[in-house]
Amino acid sequence: MSVLIFADQAQGKIKKAAFEAIQYGAKVAQQFSTTATVLVLGEVAENELTALGNYGATKVLHAADARLNETEGSVFTRIIAAAAEHEAADVIIFPHNFDGKAIAPRVAARLKAGFVSGVVSYPDTSNGFVVKKSVFSGKAFANINITSAKKVIAVMPNTFAVEKSSGTATVTAFPAAVNDGDFKVKVSKVETVSGEIPLTEAEIVVSGGRGLKGPENWGLVTDLAQALGAGTACSRPVADSGWRPHHEHVGQTGLTVRPNLYFAIGISGAIQHLAGVNGSKVIVVINKDPEAPFFKAADYGIVGDAFEVVPKLTAAVKALKG
Amino acid sequence: MKILVCISKTPDTTAKIAFTDNNTKFNEAGVQFIINPYDEWYALVRALELKETLNATVHLITVGGADTEPIIRKALALGGDEAFRVNTDSPDSYFIAAQIAAHARQQGYDLILTGKETIDYNGAAIGGMVAELLDLPYVSIAAKLDLSGNTATINREIEGGEEVVNVELPVVVSCQKGMAEARIPNMRGIMAARTKPLAVVEPAAADTLTAIAGFELPPAKAGVKMISPDNVEELVKLLHEEAKVI
Ligand SMILES: Cc1cc2nc3c(=O)[nH]c(=O)nc-3n(C[C@H](O)[C@H](O)[C@H](O)COP(=O)(O)OP(=O)(O)OC[C@H]3O[C@@H](n4cnc5c(N)ncnc54)[C@H](O)[C@@H]3O)c2cc1C
Ligand SMILES: Nc1ncnc2c1ncn2[C@@H]1O[C@H](COP(=O)(O)O)[C@@H](O)[C@H]1O
Chain Y
0 MSVLIFADQA QGKIKKAAFE AIQYGAKVAQ QFSTTATVLV LGEVAENELT
50 ALGNYGATKV LHAADARLNE TEGSVFTRII AAAAEHEAAD VIIFPHNFDG
100 KAIAPRVAAR LKAGFVSGVV SYPDTSNGFV VKKSVFSGKA FANINITSAK
150 KVIAVMPNTF AVEKSSGTAT VTAFPAAVND GDFKVKVSKV ETVSGEIPLT
200 EAEIVVSGGR GLKGPENWGL VTDLAQALGA GTACSRPVAD SGWRPHHEHV
250 GQTGLTVRPN LYFAIGISGA IQHLAGVNGS KVIVVINKDP EAPFFKAADY
300 GIVGDAFEVV PKLTAAVKAL KG
Chain D
0 MKILVCISKT PDTTAKIAFT DNNTKFNEAG VQFIINPYDE WYALVRALEL
50 KETLNATVHL ITVGGADTEP IIRKALALGG DEAFRVNTDS PDSYFIAAQI
100 AAHARQQGYD LILTGKETID YNGAAIGGMV AELLDLPYVS IAAKLDLSGN
150 TATINREIEG GEEVVNVELP VVVSCQKGMA EARIPNMRGI MAARTKPLAV
200 VEPAAADTLT AIAGFELPPA KAGVKMISPD NVEELVKLLH EEAKVI
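Residue numbers (numbering that gives the first Met the number 0), protein chains in the order written: chain Y, 0 to 321; chain D, 0 to 245.
Incorrect hints may appear among the rest.
[Said to hold, decoys possible] Ranges of calculated distance between the beta carbons of each label pair, as one might list FRET restraints:
(1) D:L168 with Y:L319: 50 to 58 Å
(2) D:G64 with Y:L319: 50 to 58 Å
(3) D:E201 with Y:A148: 23 to 31 Å
Hints are computed from structural coordinates only; laboratory data are not their basis.
Glycine included, every Cβ here is placed at the ideal spot set by N, Cα and C.
Please construct the entire structure, taking both the sequences and the accompanying hints into account.
If you want it as structure tokens, here you go:
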């Protein structure tokens, strides 16, 4: 058996969560004294592929067909299944990001492999093949035993910190037989916020709530975010009122983020908001109300007026960063 | 036009999360169960909107025990036409997807809608599996869905933005915020739901590929460290030296 990792890319750049999945897969391969192969689809420069060895992979399979620059779930599924067969892989690993969510369950169904997503632990093989996953929107974990011979795992982003080594991987072209007619889902338009850090990939997130009173005050949030190199987010009423774009809304009904550091400014900390952010490693809450429920979920707190505290904080961060 | 909406039962968003039986079962005591929010607010309501404009039929399916019937009745009260309950309780995504696929194969649907994920299991798995089992295209985490003839135009979320895609029906779509505005059932709907067909069907043969070994709660937070608003430098120092996150 071996381990196969699907690493997704956009515009020729491997996604952050994919690096984490590669490192995870390399460690699982080590655990089973076998090899880890990475599969990359679409156009990516050779040096980027050999550099995947930095994350512990020894071998990269690459299907460079330009038509694969866009993710088409059913096409990708067939290629990944073929690569799994080619490598005799029993464990197939995905990042649990947007591409992973689109493809991993399909691959699992195709291979009749037990599937666990949002995985936050390495497999425990003392009694079967057990992985821990996040459940109840981050409020608990479940240990799931995968009982089938083939296994598909989608790794929770920002859970396994990457430690780069100087290893390099050998790259082999992988022949992916695709026809134009196979592409059933056709992308007609892509709208991404350019120049900003995608929220789900940000290591630091600065988030604002209704306590900021209006969109004209958002400079407070964006200045601090810029000083920290952070992504920006907001609570649901802020997005619903049109103060901020909808893709910044985090929580039960919005995005789930798990940064290393989450700043909540003028957000009360309703349970539905917490559901989207409680996986953050460190939470800082700035709120003028000492009774705000968010303080119970925080690591550090300041009771104070955001309009006074945040500019000082931004200045202090700039001073630190020199 | 025939639409299938996959409905799952989850604890209310504010339910206390606790476990019993040596941490192998969710403690249901005092917990109120609801339709998984993504299934109700987005998948079901969008299906109902399409029904109103396109004269479509909306079927509902849930894979679950008799305790899911109040949930299914509510979905009927909101406007679903006919419901199917596959009488089995399984936490394995593949087994559940196989049930939905078996039903869909018999009925033939133009559109199959699921929620983006369940708020208890957080699998984000069933839609993709159903699509693969039926050999259909799958568009995940969709925020908008319009139909024009046989073509669906769908906005789906990607890292840091959105993508607009076109796909021919039939298709499986997992739904999130943006799809539709939540509705509440009215009296007429509730009355009508009592007599709408709810068929209980026995599960198709399928394998179970995973099993829950147990649950854990996250370790309790050490407690919040409060810092004076006049000393933000102290916060920056702690984040840098103690937490090591900046
Ligand atoms: C089913 C459901 C799903 C939901 N999903 C989500 C979701 O996904 N995400 C989400 O965020 N919400 C969600 N909500 C809404 C949620 O319940 C809260 O209403 C919402 O999170 C509150 O937003 P807020 O904290 O910005 O505003 P508020 O609750 O109004 O809180 C504002 C806070 O700002 C503080 N404040 C005021 N002025 C200042 C100042 N000058 N300086 C510092 N602090 C100040 C106040 O003390 C207060 O704590 C959902 C609700 C329901 C019912
Ligand atoms: N037992 C079930 N019966 C019917 N539909 C389900 C069931 N479980 C999940 N689904 C559907 O699949 C979606 C994704 O669920 P999951 O993969 O468990 O996160 C849900 O939002 C539902 O639409």
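Q. Any of the earlier hints contradicted here, and which numbers?
A. Hint check: nothing fails, all pass.
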